[in-house]
Structures are given as structure tokens and as C-alpha cells.
Amino acid sequence: MKDYLFLFRGGDMSKLSPEEVQKHNQKWVDWVNNLSKAGKFKGGEPLEKEGKVVNGSKKIVTDGPFAESKEVVGGYLIVLAKDLKEATEIAKDCPTHEINGSTEIREIAHMM
Amino acid sequence: MEAKSDSTSVRLVDHLFRHEAGKMVSVLTRVFGLDHIEVAEDIVQDTFLKALQQWSFHNIPENPRAWLYKVAKNGAIDILRRNKYTDEYKSELNYLLKSEWTLSSSVNNLFLDSEIQDSQLRMIFTCCYPELTPESQIALTLKTLCGFSVKEIAKALLTTESNINKRLFRAKQKIKELDLSYVLPGPKDIQKRLEVVYKVIYLIFNEGYNSSSENMLIRKDLCSEAIRLAEILTENENGRNTATFALLALMYLHFARLDSRIDSEGRILLLKEQDRTLWNKELIGTGLEYLSDASTGDYLSEYHLEAGIAAFHATARSFEDTDWRNILGLYELLIKIDPNPVKILNRAIVIGQLEGPEKAIRELKNIKELENYYLYHTAFAEFYFLSNRFNDSLVHFKKALALTQSKVERELINRKIEKVKGKLI
Chain E
1 MKDYLFLFRG GDMSKLSPEE VQKHNQKWVD WVNNLSKAGK FKGGEPLEKE GKVVNGSKKI
61 VTDGPFAESK EVVGGYLIVL AKDLKEATEI AKDCPTHEIN GSTEIREIAH MM
Chain C
1 MEAKSDSTSV RLVDHLFRHE AGKMVSVLTR VFGLDHIEVA EDIVQDTFLK ALQQWSFHNI
61 PENPRAWLYK VAKNGAIDIL RRNKYTDEYK SELNYLLKSE WTLSSSVNNL FLDSEIQDSQ
121 LRMIFTCCYP ELTPESQIAL TLKTLCGFSV KEIAKALLTT ESNINKRLFR AKQKIKELDL
181 SYVLPGPKDI QKRLEVVYKV IYLIFNEGYN SSSENMLIRK DLCSEAIRLA EILTENENGR
241 NTATFALLAL MYLHFARLDS RIDSEGRILL LKEQDRTLWN KELIGTGLEY LSDASTGDYL
301 SEYHLEAGIA AFHATARSFE DTDWRNILGL YELLIKIDPN PVKILNRAIV IGQLEGPEKA
361 IRELKNIKEL ENYYLYHTAF AEFYFLSNRF NDSLVHFKKA LALTQSKVER ELINRKIEKV
421 KGKLI
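Residue numbers (my numbering), protein chains in the order written: chain E, 1 to 112; chain C, 1 to 425.
No lab work stands behind these hints: they were computed from the structure. Glycine included, C-beta positions come from ideal geometry on N, C-alpha and C. Hints are supplied without guarantee of correctness; some may be wrong.
Claimed, not checked - Calculated cross-link-like contacts (lysine to any residue; reagent style SDA-like; alpha-carbon spacing at most 25 Å):
| hint | chain 1 | residue 1 | chain 2 | residue 2 |
| --- | --- | --- | --- | --- |
| 1 | C | K166 | C | I190 |
| 2 | E | K27 | C | D78 |
| 3 | E | K15 | C | L328 |
| 4 | C | K155 | E | L80 |
| 5 | E | K23 | C | D46 |
| 6 | E | K15 | C | S260 |
| 7 | C | K50 | E | D12 |
| 8 | C | K50 | E | E50 |
| 9 | E | K15 | C | H36 |
| 10 | E | K23 | C | Q53 |
| 11 | C | K176 | C | V196 |
| 12 | E | K52 | C | E41 |
| 13 | C | K50 | E | S36 |
| 14 | E | K27 | C | S106 |
| 15 | E | K42 | E | H110 |
| 16 | E | K37 | C | P61 |
| 17 | E | K23 | C | D78 |
| 18 | C | K166 | C | T133 |
| 19 | E | K23 | C | H36 |
| 20 | C | K50 | E | H110 |
| 21 | C | K192 | C | L300 |
| 22 | E | K15 | C | K70 |
| 23 | E | K15 | C | L180 |
| 24 | E | K27 | C | D392 |
What the hints assert, rightly or not - Residues of chain C clear of chain E, computed beta-carbon distances all greater than 12 Å:
| hint | residue |
| --- | --- |
| 25 | G22 |
| 26 | K151 |
| 27 | W324 |
Could you put the whole structure together from the sequences, leaning on the hints where they help?
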């Protein structure tokens with residue numbers, strides 16, 4: 001088993017009504033719960049929108065590289081999976097895709 | 001991080017966000033003033049998005065409501081701090097919001113149960129200011145008190161989003177123009193203002209109950225929202241009167257029958273065809289309780305009479321067992337209060353049940369204003385059919401067909417036309 005990092009980007013929630021936000025919320029809770037029950041959930045947190053980026057040797061600080069909200073990383077999750085294929089299958093079920101969000105899947109490298 | 005265990009995971013209560021949206025917008029409007037209702041709406045939207053973010057990764061908090069209020073309060077306090085030295089917001093709390101000594105506690109106090117109740121009532125009366133048009137009143141009520149999005153309102157009222165946006169814009173414009181205030185009506189006006197509120201609630205209910213929308217979910221939402229709004233009225237001493245109870249009785253008694261009006265293929269079933277075992281006994285019971293509460297005073301509103309009619313239908317064992325005689329009596333009273341042609345049409349149908357189709361046809365011929373109303377023609381067609389005048393029946397069914405766009409209604413009428421044609425061969 002290996003650890004995989006899921007990075008969630010974007011997803012348009014601005015037009016959702018309270019009812020729809022609630023439904024979407026419940027889907028996330030159920031999804032994470034199911035992962036947890038299956039022993040595949042290792043951790044994860046949402047991230048605030050605001051951030052800073054320190055760039056290069058001159059250490060220039062900018063307000064983040066996010067030209068558009070769809071590039072903002074909204075949160076991350078660490079998932080246990082057999083291989084990248086299984087991790088990808090798991091990511092496909094994430095509710096974020098219903099609101100046009102995207103998920104980047106990366107294997108966490110373990111240094112010997 | 002620790003994995004979630006099943007025992008601590010809480011399911012979100014049905015419609016929690018929708019209902020809390022109405023409460024929070026109502027409360028925050030007291031903080032920012034009626035002319036900044038958008039600020040309140042933005043804070044509430046942000047609160048839900050924060051909940052979405054937080055609760056997706058962790059468990060739903062044990063008290064989700066308290067969590068939402070805390071985030072909304074903090075959102076409000078942040079904005080107030082930033083605007084401390086401007087006179088941006090015309091709030092009833094005004095100076096209390098200008099000092100750190102009183103800022104947080106003043107906002108906190110508004111989230112006490114009694115204040116939430118009071119705020120929701122203010123919002124109900126505000127959405128139903130008589131100066132606004134009925135369609136604006138309905139749109140504004142669904143938006144602010146029921147937490148519907150513009151898209152959801154448009155879907156529910158079978159119109160476009162841009163139409164709803166226009167209605168909301170005009171309503172808010174009017175409120176600013178007339179400098180209407182966010183208060184409860186005084187004792188002198190309360191009756192008159194309640195009448196408007198009843199009407200708006202009744203229209204929202206009807207929109208759900210009679211809507212030609214095929215989306216049953218939306219229709220049920222509208223009906224239950226109307227009921228919820230009326231129940232908010234009963235929490236206040238001025239709103240807790242017999243007309244409110246009568247309106248609630250009427251809505252519960254109809255709502256109980258909603259499921260039986262459509263068959264498994266989405267076709268309309270008429271009262272005669274409905275499976276009465278599908279009627280919700282519990283809702284009928286609640287309706288009858290409200291009706292008995294409504295019957296304690298000497299005030300008789302239209303809602304009393306309509307609830308009475310609904311009660312006779314809801315308690316009849318079969319269509320044939322219906323107490324048409326008493327129903328006719330209630331229609332007579334109703335027409336005395338409001339000689340509306342649609343009510344006269346309904347009375348004619350009741351007369352038909354009691355005294356036969358010929359009498360009904362005579363009554364129908366006396367109504368002049370309903371030439372373009374499809375149900376006027378279906379009534380004619382039905383009674384012509386019963387008196388074996390199939391050609392006349394066909395003519396009226398065809399007129400009715402030309403007058404309605406609704407798919408389900410047209411389907412029903414076409415079914416009838418086939419039946420008449422069968423008789424003509």
C-alpha cells in the first residue's frame with residue numbers, strides 16, 4: 001500500500017443555494033466516511049483561499065499564483081491505495097467533480 | 001489525523017441550510033439595515049461555503065446550527081469592525097456597534113432564540129409590504145426566508161431566472177425608495193398586514209399544490225415552505241389567531257392529498273379516481289386540529305370556509321360519500337365574502353353533484369368571465385358528457401385543450417377526448 005496525495009482545485013460553489021450546498025456537503029461527508037471505513041483515509045484538511053508565494057532567490061513575495069479561482073487549491077487529502085490506478089478510481093468518486101472541480105493525484109515519495 | 005468513526009458522524013437534518021439561511025438573513029438584516037440586505041445574504045452564503053469546506057474533511061459538528069451561527073456572527077463582526085467609523089449601515093443597534101465594548105455582545109444577543117423568532121417575523125412582514133407587487137412579494141419571500149436560489153425560484157414559479165432577478169431587484173428598489181423599515185407592524189396595522197401575509201403564503205402554497213410543474217419535489221417544497229411560514233406566525237401573539245389556524249388547516253388538509261393526485265406515470269388523477277388510502281392520515285389529523293383551533297372565535301375568514309370544504313373532502317370515505325350538501329353551504333358563504341368567478345365555477349360543480357348535470361350546465365352558462373379558463377370548459381365538457389350530449393362535450397374539451405400548455409393537463413384532457421370519441425362512434 002502506498003500513500004497518495006489528492007489536491008483539490010476549483011469547483012464553482014458561488015451559484016449554489018443553501019439546499020444544494022447542504023446536499024453537496026453531505027456527499028463529501030459520506031465519501032470521506034466511506035474511505036475511512038475502508039481504511040483508506042489517512043488525513044486531510046481544507047485550505048484558506050488567501051496565501052502568499054515566495055519566489056526564487058530574490059524571495060519576491062506575491063499574493064499567490066492564482067490567476068483564476070479554478071487554480072486555487074481548496075484542500076488536500078491523503079489516501080491509502082494499492083497503486084496509482086486504484087487511487088485514481090477513488091478520486092473519481094469525489095463529489096468535487098460534480099461542481100466542476102478537479103483532483104490532482106500524486107504518490108507520496110518515501111525517502112529511504 | 002484520526003480517522004472518523006461512524007458513531008460520531010452526524011447526518012445533516014433535512015433542509016437545515018435552507019431554513020437556517022432564512023433565520024440568519026433575517027437576524028443579520030437587523031445588524032446591517034434593510035437597505036443592506038445583500039451584505040446579510042453574502043455573509044450567510046460565505047458561512048455555508050465555510051461549512052462545506054470544514055465539514056467535508058472533518059465530522060459534522062455535534063451542533064451544526066450553533067456552528068453556523070458562530071461563523072455568521074464572526075463574519076458580521078469583522079465587517080462591522082472594518083466599517084466602525086463610517087456610517088455605512090443604518091442599523092437599529094447603531095452606536096452599540098461602534099464600540100468594542102458592546103459590538104460582540106450586541107450581535108450575539110440577536111442570535112438568541114427569541115430574537116431569531118422576532119427577526120423572522122419582521123422579515124415576513126417586510127417581504128409582504130403591501131407596497132410591493134404580489135409577484136415581488138413571493139419572490140422575495142422565497143429568496144430571503146426560504147433560502148431559495150434565483151434558479152430554484154424560477155423553476156418553482158415556471159419562469160426565467162432573469163424574470164426573477166427583475167422582480168427581486170424591483171422589490172429591493174421599492175423598499176429603498178419608500179425607506180420602508182424593518183419592524184413589526186403596530187397594533188393598528190397588524191390585521192391589515194396579516195391579510196397580505198396570508199395571501200402570499202396562500203399563493204406560495206397554491207403554486208406548489210396546483211402547479212403544472214411535473215417536478216413533484218419542487219411542488220412539495222413550496223407547500224411545506226408555505227406551511228412553515230404560517231407556523232412561524234403562530235409563534236407570535238399577534239400572529240397566533242384563528243385566521244392563521246384556518247390557513248394552516250386548509251394547507252395541511254390539501255397537502256395530505258398531494259401524493260394521490262398523480263399516478264405512477266405522472267398523470268393527474270381526479271378526486272373521484274384518487275386512491276384514498278394514499279391520503280396522509282397524520283397530516284389530515286393535524287389539519288383537523290388546526291381547524292378546531294380556528295373555530296374558537298367568532299371571526300370567519302375565507303380560509304375558514306376553504307378549510308371547511310377541504311375537511312369534508314379529506315374525511316369522506318369515498319367520492320360518493322362526500323357531504324356535498326354541507327360543501328355547497330360553505331361555497332355559498334365563500335361567494336358572499338368574495339364573488340370570485342372561479343369560486344362560482346366550483347359551486348356549479350358541487351350543484352352538479354347534488355342536483356344533476358342539467359342544473360350544473362345552467363349554472364355554468366351564467367358565468368361570463370371564464371371563457372379563457374380551461375377548467376371552465378372541462379367542467380362544461382364533463383357535465384355534457386354526463387347528460388349524454390357527447391358532441392357538446394367534445395367541443396368544450398377541445399376548447400380546454402387549446403387553453404392550457406401544461407403537459408400533464410393536456411394529457412388528461414386528451415384521455416377524456418378519447419373517451420368521448422368512443423361514445424360518438
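So, going through the hints one by one against the coordinates:
1. C/K166 x C/I190: 29 Å, violated
2. E/K27 x C/D78: Answer violated: E/K27 to C/D78 is near 31 Å, above 25 Å.
3. E/K15 x C/L328: 49 Å, violated
4. C/K155 x E/L80: With a Cα-Cα distance of about 42 Å, the restraint between C/K155 and E/L80 is violated, given a limit of 25 Å.
5. E/K23 x C/D46: Answer holds: E/K23 to C/D46 is near 16 Å, not above 25 Å.
6. E/K15 x C/S260: 34 Å, violated
7. C/K50 x E/D12: 14 Å, holds
8. C/K50 x E/E50: Satisfied, since the Cα-Cα distance of roughly 14 Å is no more than 25 Å.
9. E/K15 x C/H36: 20 Å, holds
10. E/K23 x C/Q53: 13 Å, holds
11. C/K176 x C/V196: Given that 25 Å is the threshold and the Cα spacing comes to 20 Å, the pair holds.
12. E/K52 x C/E41: 29 Å, violated
13. C/K50 x E/S36: Satisfied, since the Cα-Cα distance of roughly 22 Å is no more than 25 Å.
14. E/K27 x C/S106: 36 Å, violated
15. E/K42 x E/H110: Holds: E/K42 and E/H110 sit about 15 Å apart, inside 25 Å.
16. E/K37 x C/P61: 19 Å, holds
17. E/K23 x C/D78: The given pair, whose Cα atoms are some 28 Å apart, is violated under the 25 Å limit.
18. C/K166 x C/T133: The hint holds at about 12 Å.
19. E/K23 x C/H36: Violated - the C-alpha atoms of C/H36 and E/K23 are around 28 Å apart, more than 25 Å.
20. C/K50 x E/H110: 33 Å, violated
21. C/K192 x C/L300: 15 Å, holds
22. E/K15 x C/K70: 23 Å, holds
23. E/K15 x C/L180: Violated: E/K15 and C/L180 sit about 29 Å apart, past 25 Å.
24. E/K27 x C/D392: 56 Å, violated
25. G22: Non-interface label fails for C/G22: nearest chain E Cβ at 9 Å, not farther than 12 Å.
26. K151: C/K151 is in fact no farther than 12 Å from some Cβ atom of chain E, at 7 Å.
27. W324: At roughly 41 Å from the nearest Cβ of chain E, C/W324 sits farther out than 12 Å, so the non-interface label holds.
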